[in-house]
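Protein chains: 2
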Amino acid sequence: MIVEILAVGTELLLGQIVNSNASRIAERLADAGLDHYRQTVVGDNEERIADAVLASCSRADAVIITGGLGPTKDDLTREAIARAAGVGMVFDEDQAERLRERWRRRGREMPVSNLQQAEYPDGCTLIENPKGTAPGIRCRVGGSWVFALPGVPAEMIPMLERDVIPFLRRDDRSVVVSRLLRTWGETESAIGERLGDLYDASANPTIAFLASGGEIKVRITAKAPTEGEAEAMIGPVEAEVRERLGTRIFGTDGDTVEVVILRMLEARGWTLATAESVTGGLIAGRITGVPGASRAYRGSVVAYATEVKTPALGVPREVIAEHGVVSEPVAVAMAEGARVRLGADVAVATTGSAGPDPLEQPVGTVVVAVATPDGTRVRTLQMPGDRERVRTFATTAALQLTRMALQGVDWGRR
Amino acid sequence: MIVEILAVGTELLLGQIVNSNASRIAERLADAGLDHYRQTVVGDNEERIADAVLASCSRADAVIITGGLGPTKDDLTREAIARAAGVGMVFDEDQAERLRERWRRRGREMPVSNLQQAEYPDGCTLIENPKGTAPGIRCRVGGSWVFALPGVPAEMIPMLERDVIPFLRRDDRSVVVSRLLRTWGETESAIGERLGDLYDASANPTIAFLASGGEIKVRITAKAPTEGEAEAMIGPVEAEVRERLGTRIFGTDGDTVEVVILRMLEARGWTLATAESVTGGLIAGRITGVPGASRAYRGSVVAYATEVKTPALGVPREVIAEHGVVSEPVAVAMAEGARVRLGADVAVATTGSAGPDPLEQPVGTVVVAVATPDGTRVRTLQMPGDRERVRTFATTAALQLTRMALQGVDWGRR
Chain B
1 MIVEILAVGT ELLLGQIVNS NASRIAERLA DAGLDHYRQT VVGDNEERIA DAVLASCSRA
61 DAVIITGGLG PTKDDLTREA IARAAGVGMV FDEDQAERLR ERWRRRGREM PVSNLQQAEY
121 PDGCTLIENP KGTAPGIRCR VGGSWVFALP GVPAEMIPML ERDVIPFLRR DDRSVVVSRL
181 LRTWGETESA IGERLGDLYD ASANPTIAFL ASGGEIKVRI TAKAPTEGEA EAMIGPVEAE
241 VRERLGTRIF GTDGDTVEVV ILRMLEARGW TLATAESVTG GLIAGRITGV PGASRAYRGS
301 VVAYATEVKT PALGVPREVI AEHGVVSEPV AVAMAEGARV RLGADVAVAT TGSAGPDPLE
361 QPVGTVVVAV ATPDGTRVRT LQMPGDRERV RTFATTAALQ LTRMALQGVD WGRR
Chain Z
1 MIVEILAVGT ELLLGQIVNS NASRIAERLA DAGLDHYRQT VVGDNEERIA DAVLASCSRA
61 DAVIITGGLG PTKDDLTREA IARAAGVGMV FDEDQAERLR ERWRRRGREM PVSNLQQAEY
121 PDGCTLIENP KGTAPGIRCR VGGSWVFALP GVPAEMIPML ERDVIPFLRR DDRSVVVSRL
181 LRTWGETESA IGERLGDLYD ASANPTIAFL ASGGEIKVRI TAKAPTEGEA EAMIGPVEAE
241 VRERLGTRIF GTDGDTVEVV ILRMLEARGW TLATAESVTG GLIAGRITGV PGASRAYRGS
301 VVAYATEVKT PALGVPREVI AEHGVVSEPV AVAMAEGARV RLGADVAVAT TGSAGPDPLE
361 QPVGTVVVAV ATPDGTRVRT LQMPGDRERV RTFATTAALQ LTRMALQGVD WGRR
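So the protein lines, in turn, are chains B and Z. Here our numbering is used: the first sequence runs in plain steps of one and ends on residue 414. Here our numbering is used: the second sequence runs in plain steps of one and ends on residue 414.
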């Protein structure tokens, strides 16, 4: 089963957005063991979409299209599929009623133009979209299957996972199982060197590396007739990787560092607070992104302006005057202040210089302190890149150092 | 001049990385007024790369390839271009010496396998790579130009800007100018209807719509012999769009809502604070993402746990007990408390139910309050989608309502 991806949208051709849909779909195709050799992007042009559909169908057993299903005049994927399939368009009164009902529930009248979302290529099957207005489409073009999904990732991904992938795998009785081991603290090439021989020898299970946001993920994937057999194939490889990487591994599969932290806190009946300067609320944002975070997370004081650090967190003015605001004593005072003022067992604090102009210290200097019932640890780090990267990497580093403090891994004690 | 982009790399087909090179190149093609209708991705396979090159050359005047120029066995772009052009490979002794010299300067012996980076399709021109080892390639395939650049963005972009774009524009004396108008508060289809006739009539300047994160952007693009003439063509269309959309437009070009807010605050000598519950630090994160935010932004109290709202923000316990934590009186008390406690002129507060389990109110209920020297406004909103979307849209809504409060646009006063 060979699958191609076709992303539709003039905004992609203008470079206004990155084609993240293609990589999201590609990742899931790889997980499902479906072969995938080509991706294409075309703009909102009926003829070019139809040409691309036909070209993909000439090479592949299935094409997954994203985008161009919306309610505006430049949403032309439905018409383009009909043109490629050589069929007309039909109006679906049930779907029109569902659209009207959706607008009514929001207390608004549906614009007439939205009715184009109830027109479909004749003979196609609609794919339910639980998160939005535009259903997807499945239809036959030549000997291949064509799927059309919305461009909005939050709508597209559930439809892909619930309908498209299971349909494409319907004749495949094998299962694909993946294990994701999440690491922090070493570069991709250093991890690659530690696991080089395993990588070279890997066929089934396969090993792959993925770097994102300061973390390196190691993915082990096995294909077998049953889930149990796939797990049995993964087992020894996973054990070997864990043996070699040790505490660099902080989480498995969906366990982000914030999930791991909240789980450790809950197990101890502890609570967490944050005090942020350079990360400006991003740590709080990551933690509160986890459902149920309020069971262990108290809150944050984002003391962005220097003069707020004293009244809001109790950082002594003399400490700021003597050491500067980007300093280990200030980070320690912020963490200890947040711990007391927000009534938490553990507090993490950040201060630093994110740029573009340096704040006391060179751009990229970040200080992280973690206060726990056992004492306070602090470390000064140097982050690469521009303001956005410094803030993102500082957020990840603060969370990872909090995790390590909770695990008792040594990284700097005062 | 029609240009296609071909990205080479199996990691793209596995979804391990996003094809950000394509969007970076596409953006620069658009800025340069070069037409661009299609992007393709193929893996590290000589035959498929060669096929894709030939297909692109049959449709376009030029193809820009990224990736596959490195020193490892799976770097096959050079051979694939030779195959597509029907020429042999030649060994370039000068380039081999440059490679050896580069390694010597780093005090290392060059691995023999790296010599493949000195082999090129016969008759091609090398493009200098000031930031890395692999030069680029320019050569003729059929009637079209083929450019091959490295996949590393830091190497690729300077070569694109210095060599490829000027070469493609060598006969073109025109310039392209774009204006981006940012709107909030109406759906893409509603904006589309208001501007439908302008969109239908648009050729030069063109009009395009782009929805992201709850905002709809309207892009007006003109091509003309000079910048002044392009601006003169955009002028009347922009005036008409502004007339029809009024205060729905909140910013131009790079002016995000947080930039607009900070600029208005600075102009008045005012400061801002935030008090976040449901948005959990995301508003602070957006504001502090703007360089120089500390000139007007004091900080935030993320009062995530209900019991933190009283000590940290002074929300009276009786108000929480009587109205619930997701209520207008609590949002108002949070905003007014943050204004006083963080010593700011303006404060925005959020409380709500992000899910997956409802908190007092149905999932998606979000209350925003903005306290200013003129009084406090409050509004209850219903957001669609899952936890992540509710939080993202609530963040955008809180920022937009702050902007409207500063502009004196009425949206709910108490």
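Treat each hint with caution, since some may be false.
Pairs count within a copy or across copies, as identical chains cannot be separated in the list.
To be verified - List of simulated lysine to aspartate or glutamate pairs, DMTMM-like, C-alpha gap at most 20 Å:
no., residue 1, residue 2
1, K131, E188
2, K217, E186
3, K223, E266
4, K131, E240
5, K217, E47
6, K223, E318
These aren't lab readings, by the way, just hints derived from the structure by calculation. Quick caveat: nothing in here was measured; it's all calculated off a predicted structure.
How the hints compare with the structure:
1. K131 x E188: For K131 and E188, the Cα distance is within 20 Å only across copies (17 Å; inside one copy 36 Å).
2. K217 x E186: Intra 11 Å, inter 40 Å, cutoff 20 Å: intra-copy only.
3. K223 x E266: neither (36 Å within a copy, 59 Å between copies)
4. K131 x E240: neither (41 Å within a copy, 35 Å between copies)
5. K217 x E47: Cα proximity of K217 and E47: none, with 41 Å in one copy and 26 Å across.
6. K223 x E318: neither (62 Å within a copy, 59 Å between copies)
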